[in-house]
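Student: Given these sequences and hints, build the entire structure.
Number of protein chains: 2
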Amino acid sequence: MKRIAIAIAGLGTVGSGVIHQLHRQRDLLKKQGLELDIVGVSARNREKAAQAFPFLDPLPWWENAAEMARACPCDVVVELVGGEEGIAKEIAEAALSTGKELISANKALLAKHFDALQKLSQANACAIRFEGAVAGGIPIIKALTEGLAINNVRRVEGILNGTCNYILTAMTSEGRAYQDVLEEAQALGYAEADPTTDVEGHDTAHKLALLARLLFGWNKPISKMSVKGIADIQAIDITVAQQLGYIIKLIGVGSMTNNRLDVEVAPMMIADTNPLAKVDGVLNAVHVTTEMAGTYTLIGPGAGAEPTASAVIADIIDAALSAPSRNFFPARQEAEDASEEDGHSRIKKWYLRLEVVDKPGVLAVVTALLRDNQISVDSVLQKGQSADDKVSLVMVTHPTRFSQVKELKNSLDRLDFVLRPTQLMPIIENE
Amino acid sequence: MKRIAIAIAGLGTVGSGVIHQLHRQRDLLKKQGLELDIVGVSARNREKAAQAFPFLDPLPWWENAAEMARACPCDVVVELVGGEEGIAKEIAEAALSTGKELISANKALLAKHFDALQKLSQANACAIRFEGAVAGGIPIIKALTEGLAINNVRRVEGILNGTCNYILTAMTSEGRAYQDVLEEAQALGYAEADPTTDVEGHDTAHKLALLARLLFGWNKPISKMSVKGIADIQAIDITVAQQLGYIIKLIGVGSMTNNRLDVEVAPMMIADTNPLAKVDGVLNAVHVTTEMAGTYTLIGPGAGAEPTASAVIADIIDAALSAPSRNFFPARQEAEDASEEDGHSRIKKWYLRLEVVDKPGVLAVVTALLRDNQISVDSVLQKGQSADDKVSLVMVTHPTRFSQVKELKNSLDRLDFVLRPTQLMPIIENE
Chain L
75 MKRIAIAIAG LGTVGSGVIH QLHRQRDLLK KQGLELDIVG VSARNREKAA
125 QAFPFLDPLP WWENAAEMAR ACPCDVVVEL VGGEEGIAKE IAEAALSTGK
175 ELISANKALL AKHFDALQKL SQANACAIRF EGAVAGGIPI IKALTEGLAI
225 NNVRRVEGIL NGTCNYILTA MTSEGRAYQD VLEEAQALGY AEADPTTDVE
275 GHDTAHKLAL LARLLFGWNK PISKMSVKGI ADIQAIDITV AQQLGYIIKL
325 IGVGSMTNNR LDVEVAPMMI ADTNPLAKVD GVLNAVHVTT EMAGTYTLIG
375 PGAGAEPTAS AVIADIIDAA LSAPSRNFFP ARQEAEDASE EDGHSRIKKW
425 YLRLEVVDKP GVLAVVTALL RDNQISVDSV LQKGQSADDK VSLVMVTHPT
475 RFSQVKELKN SLDRLDFVLR PTQLMPIIEN E
Chain B
75 MKRIAIAIAG LGTVGSGVIH QLHRQRDLLK KQGLELDIVG VSARNREKAA
125 QAFPFLDPLP WWENAAEMAR ACPCDVVVEL VGGEEGIAKE IAEAALSTGK
175 ELISANKALL AKHFDALQKL SQANACAIRF EGAVAGGIPI IKALTEGLAI
225 NNVRRVEGIL NGTCNYILTA MTSEGRAYQD VLEEAQALGY AEADPTTDVE
275 GHDTAHKLAL LARLLFGWNK PISKMSVKGI ADIQAIDITV AQQLGYIIKL
325 IGVGSMTNNR LDVEVAPMMI ADTNPLAKVD GVLNAVHVTT EMAGTYTLIG
375 PGAGAEPTAS AVIADIIDAA LSAPSRNFFP ARQEAEDASE EDGHSRIKKW
425 YLRLEVVDKP GVLAVVTALL RDNQISVDSV LQKGQSADDK VSLVMVTHPT
475 RFSQVKELKN SLDRLDFVLR PTQLMPIIEN E
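Chains as they are written, first to last, in my numbering: chain L, 75 to 505; chain B, 75 to 505.
FYI, nobody ran anything at the bench for these hints, they're computed from the structure. Since the model is a prediction, treat every value here as computed from it, not as a measurement. Treat the hints with caution; some may be incorrect.
Put simply, identical chains are the same to the list, so a pair is met inside one copy or across any two.
[As the list claims (entries may be wrong)] With a cut-off of at most 30 angstroms between alpha-carbon atoms, the simulated BS3-like pairs for lysine-lysine come out as follows:
| hint | residue 1 | residue 2 |
| --- | --- | --- |
| 1 | 163 | 104 |
| 2 | 302 | 105 |
| 3 | 422 | 76 |
| 4 | 186 | 105 |
| 5 | 122 | 433 |
| 6 | 483 | 302 |
| 7 | 302 | 104 |
| 8 | 423 | 163 |
| 9 | 352 | 423 |
| 10 | 422 | 352 |
| 11 | 104 | 193 |
| 12 | 104 | 186 |
| 13 | 480 | 302 |
| 14 | 457 | 76 |
Tutor: Structure below.
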């Protein structure tokens, strides 16, 4: 019988899910030779915890979670508090510096402090496991670091935030406006009261940072990543995209081309034959392209109590079985970092939408700018009724470098008949 | 530095891929603290091996692979010979009985002898690993037994044979006939000269047997599985399916309902919104439905040298790191086995296509039979020109038990105006 003593900090939906699942499956786990015992819990409300887990009697309660991480006689500390600093960081440091394994679903903390925590864990010979931190229940960390370990991954693309994907899916299928869908998502509990972290792309960035760390050794601060959210996507962008054969998704991309690494988060237009184009609602997905062994797509629930608990428990079982932790698999690639200007370098085509005053001569000025910037276009279309003297002018470029198209956008945005910043979006064809 | 000594039996495309990848990545593996040394090889042609692997000099050659498995001083024997009996079985037994780990991509062998090999491996305390045996490069065994370990899986559906999927995809997208596409697939190397194992569904059955073993503890001989191949799918079935909003795929299904287990392989009609419907060409996919943590879909290359080698090497790395092998995770479910008559019990609707003589009164006889069997239909359509006095009569039933619809089919096939056995196919709606 393998026995492991677990302390859990944070009893929100995921923490509660972990405790309930472990309790529910305890006989099955015992039959498999595993005894996974919860010997410490810490959260905000002791009364609530006592009521929620009557089978933990007496409740092994700690008022101070960091103190628990340090002093509780356990093998593993599960950190489900959240937040990139403060108590979450204290818990992680206390656990590792006292030689306990750290299991965390906290992407913000891990994205920010990976190197420091890794050093601490190596110094104390105890693993960090974080399957729950990326793509919820999808066992993506395991798939990449163990299942596909021998492959050089050239590119990873992920739909990593269920809130954004829910909003974009509803906008696409129902033709509704961003704000309208966001409010509905908030009412349904799919979006937070303050949705900034999700809709501005930061949550996706944290998860992508972890994937890029594992796959490419990316170890920059997250502030160096190019991150754009979905708040300025308009219904017309989605409609035009569909007419052109694309679906708009918020994608985190890490891509290695000629030893140069691009890591970025942005809404992108995906060919509707791409497997990611069909990943709808709150689902997450990760698509990886290997150098020699083809492409792989993993789809599943990216959040929620049960799926994330399932990932956390997979880590607990790994810890109980002393499964080697491979998150320290060294960077498989040693890439130069592409400069911001060179970002998107592998992305071939661009979508630009200008909102312009509907008057003669506009197209002539715009096309002259295209010529001056040496950008050739695949198609130009004018959209929208001009009742209010505004029209949208949509252009899809031929393959163009980001630096060029950025320059063009800057010039366009300075024109007096351009009414708002030009919408610029990369296009991903099917591979 | 973790060092592991490997003997490889069988140097076809996968075996060669393993040796080349290990050689190509050896510096990277060393940087990760892994030395994976090939200390024995055995295959049909020594000359060819010497030429293919000049870096193995001297070539650690064994004339007899079973003798190698027994006597070669190594930690792991990789069996890539194939075949459910004979030398493959001898190799497996020799390796395990002398305390060596067995890594195999041989689904036929494992499906047939899982219990015996498992006993041998337990008696000798050495693992069997077989990531390469199911769905090629997709790390499905790891995902199910480790990543999703805590979940009760209720249902697994897989596209597990690239040859069949290639043929059905080409029939679907190009409207071509089975025989025509099969010949092309043979010319392209996607189908064997004798395609029986693939097109009759046996290969899918072997892989499904392994999945059902792991997920549900299924341990019947494969002859007890209901297995139907794709050879009698006609172009008209595919066309009608598309008109009804379905795609035909060869699916291996294991499903647990009310503690009853159905395991079967058959061409099925899948709602075109189901993630499996978009898995085209030689790709494989596995879709699992868990009791509480949602559904997961894994898509990737199901065969080929590099993808399968990637899975085999993942097993080798696991062995080198002494990662616990979980293929002996006991049956998570203890199900009664559904009888053949009760098979398909969860599948609701059925597609029937009759080829009948085009004469008055046929429909009246058929509909009377439906009434007598208490089967109500969702739709009836008549298809095809009656120039040759033959027409197809297609019916989609309301949710119906297999035993009932089978009875109906038997009655229909006895009618003198029915020209060939009625095509009967289950329909899988999107979950």
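Student: Now tell me, hint by hint, if it's right for this structure.
Tutor: Verification of the supplied hints:
1. 163 <-> 104: Neither, since 33 angstroms and 33 angstroms both go past 30 angstroms.
2. 302 <-> 105: neither (48 angstroms within a copy, 36 angstroms between copies)
3. 422 <-> 76: Neither. Shortest intra-copy (53 angstroms) and inter-copy (43 angstroms) distances fail the 30 angstroms Cα cut-off.
4. 186 <-> 105: The answer is between: 25 angstroms across copies meets 30 angstroms, while 39 angstroms in one copy does not.
5. 122 <-> 433: Answer is neither; intra-copy 64 angstroms and inter-copy 74 angstroms both fail.
6. 483 <-> 302: The answer is within: 16 angstroms in one copy meets 30 angstroms, while 58 angstroms across copies does not.
7. 302 <-> 104: Result: close neither inside a copy nor across copies, 47 angstroms intra and 39 angstroms inter.
8. 423 <-> 163: Classified as neither: same-chain Cα gap 42 angstroms, cross-chain 54 angstroms, threshold 30 angstroms.
9. 352 <-> 423: Both. Shortest intra-copy (21 angstroms) and inter-copy (25 angstroms) distances satisfy the 30 angstroms Cα cut-off.
10. 422 <-> 352: both (22 angstroms within a copy, 25 angstroms between copies)
11. 104 <-> 193: between (34 angstroms within a copy, 21 angstroms between copies)
12. 104 <-> 186: between (37 angstroms within a copy, 29 angstroms between copies)
13. 480 <-> 302: Result: close within a single copy only, 14 angstroms intra versus 56 angstroms inter.
14. 457 <-> 76: Neither: 65 angstroms inside a copy, 63 angstroms across copies.
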